[in-house]
Amino acid sequence: MNTRVIFGLFIVIVMAVIAVFAPQVATHDPLAMDLSPEARLQAPSAGHFFGTDNLGRDIFSRMVYGTRISLSVGLIAVFISLVIGVLLGGLSGYYGGWVDNLVMRVVEIMYCFPVFFLIMMVITFLGPNIANVMIVIGLTSWAGLCRLVRAEFLTLRERDFVSSAKVQGVSDMRIILRHILPNAMGPVYVSATLSVGGAILIESALSFLGLGVQIPTPSWGNILTAGKNYIDYAWWLTLFPGLAIFLTVLSFNLIGEGLRERLDPKLKERV
Amino acid sequence: MAVIFFLTAAVLAAAASAVVGGGGRSRDAYVSSGTGDARVLIPLFADDATSGSICELVYNGLTRVDKDLETAPDLAERWEVRDGGLTITFYLRKDVFWHDGEPFTSRDVEFTYRTILDPASGCPYISSYQDIEDIEVRGPYEITFKYSRPYAPALLKFGMGIIPAHIFSGIDDIRGSSYARAPVGTGPYTFSRWEEGRYIILDAYQDYYEHEPYIKRYVYRVIPDQAVQFLELVSEEVDSMDLDPYQYLYRSETEEFRRRINKYRYLAHSYTYIGYNLKDPLFKDRRVRKALSCAINRNEIIEAVLLGLGEPCTGPFLKGTAHYDESVEGYDHDPERARKLLERAGWIDKDGDGVLEKNGRAFVFRIATNQGNKVREDVATVVQSQWARVGVKAEIQVVAWSAFLDQFVGKKNFQAVLLGWTIPVDPDIYSVWHSDSMREGGLNFISYSDKRVDGLIEAGRAEFDPEKRSAIYRKIHGHLSEDAPYTFLFFPYATPAVQKRFRGIEPAPAGIGYNFIDWYVPEKEVKYRF
Amino acid sequence: MKSYIIKRLLLIVPMLIGISFIMFVIMHLAPGDPASIRYGLNPEVSESARANFAEMYGLDKPVLRQYALWMKRFVSLDFGRSLIDDRPVISKILSRLPATILLQGVSLLVIFCVAVPIGIIGAVKRDSLFDKATTVLVFAGYAMPTFWLALLLILFFGFRLQWFPVSGMAPWYTAYLDGFGRVRDLLWHLALPVAATAFGGLAALSRYSRSSMIEALGENYVLTARAKGLTERRVIMAHVLRNALLPIVTIMGLTLPALISGSFIFETIFAWPGMGRLGYEAIMNYDYPVVMGVGVIATLLTLIGIFLSDVVYALVDPRIRFEARR
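Protein chains in written order, with our numbering: chain A, -13 to 257; chain B, 594 to 1123; chain C, 147 to 472.
Honestly, the hints are just simulated from the structure, not real lab data. Please note that a few of the clues may not be correct.
Claimed, not checked - The list that follows gives simulated cross-link-like pairs (lysine-lysine, DSS-like), each with its CA atoms no further than 27 Å apart: (1) K872(B) to K933(B); (2) K856(B) to K214(A); (3) K660(B) to K912(B); (4) K951(B) to K1005(B); (5) K1005(B) to K1044(B); (6) K214(A) to K967(B).
Claimed, not checked - If you want the ones that stay clear, here's a sample from chain C, every Cβ over 10 Å from chain B, calculated: (7) P208; (8) Y213; (9) Q308; (10) V457.
The model shown is predicted, which means the values in this text are computed figures rather than measured ones. We put the CB at the ideal spot given by N, CA and C, even for glycine.
So that you can see chain A by itself, here it is in the shape it has in the complex (with noise of 0.2 Å):
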């Protein structure tokens, strides 16, 4: 394990425990304001480690509950998509045929749209909250994961464990489910986890533009929406997310990208 898998780990740890130890590792109450003059955007401080913003909230306290959002999007994004994915993969794989047929239409489709247009749509259609986003995310994002196992299949279900098991009379079902699938995972972790990174961006990309949490809830992207109006002179309101986001995504790449060495050094490179 190299240096910068176990970096990536590290700051994913850390994240992971401000989520869930948040009112503890917050300083203020995040949705408190302060409104009197001195109190509002205030540079980083002793007494608050990211400086206020224009309602005199803390931003290190807002930041840390934006963490929950964050990881909890990513991994709920991307769960939803590998869900999608590993089944229409699998299917599409293991049957060939009509179904192949249509699900790699269906996949291309996807490919060919300008998926964030797409969920800006959707997002604004169906009402911007958390949950909404989470869903989106993750059915725009099965695609490459689906392509991926079906990839697996394709070569796992011609091999000898799978024909025996055909002999024996198992059901495909059972074949899919017990033989082939713990197979094909390998590949499918290490594209999961580098999708985690994506699922955060889009987020807080949506939370920018305003169409992700709403306020007063802090999230990351959010943050940085204050920030726009003030950027000439509350650079810490557009410093800090950012470079919570960039870490996050970063590490999760890391560990991604050790993943796959780990498991097969000779898989081409993601492109």
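Please build the complex by placing chains B and C on the supplied structure of chain A, with the hints as guidance.
Only chains B and C this time, still in chain A's reference frame:
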């Protein structure tokens, strides 16, 4: 000798003209900035702020509003109101020409108003002219409007920009025509260019009936971000912008800024309020509404969100005008009184969880406001915390504007809203407060119905005498404050900033732009030379 | 080869149908009736005006009928008129498209000119300091929230240093500048948006170039060439590069969808007057016809990008080129 004489005279004349006003020759450009692009440059269809302000420069109406918010002549030299307001006759100016050279006549006025009144044209302002029964033209400079009943707001409503009959007569779809993007009017500026989403350029009209504006070019730049507008203002790429409270109070206090840029402050013509759905059982009881109003600390909101750049509001009229009753107290911040009122209405915190209950139901509700308005979002946050202190729990919902209009307002599927109204110069509030406006699509979405107020509104619409009329509205002000169907919050200040080289700016109740054609730049300070 | 190209071209059709269907479904998820959107809370708008409006846009017809109408319009690229200013959607889009294409084009060029050399050099000098450093940068590129990068660029180069303009494409007085001045001004306005847009694509393409180059370097013919005694440089320039570039160029076509996707957010941040910003504003304003139009055109552009990369691939890959001559 003669040569010397003429040279001296010429030099003196030039010197004089450089000192006095623009002196005949217009020069320089004025670059204003805003966050939104215009949509349609025909006054009959302009329902957004940017389109409206561009139309003000390109067109004229029969009347206009002067600096004290009084009705003044524009294309009409004078008028006569007869038969108790049932007949209004306008006598038009004879020296006005369209930008394309054609003369302006009563035919244009008739065409404009027939178009407005025709439902097929889809003019959104039709309801302001519905009572017009007949239009009679007598000669090219006289036109009479006959009303089915007296309509006091009429004179102000005749400020609607007049569009040229000779251009639009043959055109079916006026709104979609090319002239909506390349307008022809009678106003002080002619249209030059419009690059969508980027800028609009207007040129001074040399034959404008008052006088050619002293500023040769008017440019409106679309800059969606206020921080960027400020950057451009300071680097002199932009000549004016609307400052936000931080910029007004802090960012503009540098030596550098004060040396080169002026900033102004006057009460904006709008107010922000909280509206309660009167059909919701929570808000049916007047004591509850009064309590909610008492629990709010307007001054804290103004200080916190507007940084003090606003004034408390107690009614739906513009403060400082005769219609606004300054003696109405409104609801001072009084949490004790709020708690007592709520208690009397049956709301008590039995289980000590900080939230009041009545009949097993907690005092929890949703307050919705529209997305994209940072000020309103912040106000909602502050109000939420103020209500929490008296045991009322409000959940904020920030909703995209159109979903807002349809779900919440159209279908009346809401509990409380935080919104604002522009205050039109004419005080008629029929469309928002009369019980007739409660029907679907009407603006009385809180379902307010009070016979006394209805009667007063109707009376105000028909009363032409200004003093009597104002008295009626002051009475309405008192009733609305007492009934508390809204919690009236505040009037914000408008805080524009303009580069110092522009002279002639005189703040008045109407703002600063009312005399734009008289603004000028001294010769030495001209920035843009063409 | 021709049959390959035609096959790829034909595949676009069912894609478009699938896409149009999906978009239509999405549009009907939307709440908010367009009449309210048009007139909003305007105290002066009458009800008859609203009813008229609903009729004009055919909103009162059954859904299937609406879809049929939609398909007909889709094929002729007639998306109706914008709900905001009544202009035909297609002309709104066409007037904004050049700005987007300019930004994407320049970004693509920058990506290519920067990423490919980085990748290739990194492959040739594998595990060197250069390679290690660029690998770090690449990881950073993958993890970077690019809209944050855009904000940082605006903050430093726009506000603090004031080197570059942060908003718009060209000033209003552009008509008064001479040709040279105009180009220079345009480049200045392009600087920050391109930097932000290109950064994201740099990581992926340089990584891909590197691995493609590594693979090419490992091929047998390289060993042969080396054995023949050719200098390293000649080996690379004459043989390896050509084969490595092949997949790289095809990938370029696939970078286009990512760029288009990103354009919505970048154009909004930099107030760039392109189609992406138009799309964002249309979504915010619930301007359905424009949203549909932008979505379709963006998808079309993506499809064209993919198709172009297929064509280039066909032109360059000898296996496909000579497939017909069996």
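Against the structure, the hints:
no., hint, in the structure
1, K872(B) to K933(B), "holds, 23 Å"
2, K856(B) to K214(A), "holds, 23 Å"
3, K660(B) to K912(B), "holds, 15 Å"
4, K951(B) to K1005(B), "holds, 24 Å"
5, K1005(B) to K1044(B), "holds, 22 Å"
6, K214(A) to K967(B), "holds, 12 Å"
7, P208, "holds, 20 Å"
8, Y213, "holds, 22 Å"
9, Q308, "violated, 7 Å"
10, V457, "holds, 34 Å"
In summary, the structure is inconsistent with hint 9 from the numbered list given earlier, while agreeing with all the others.
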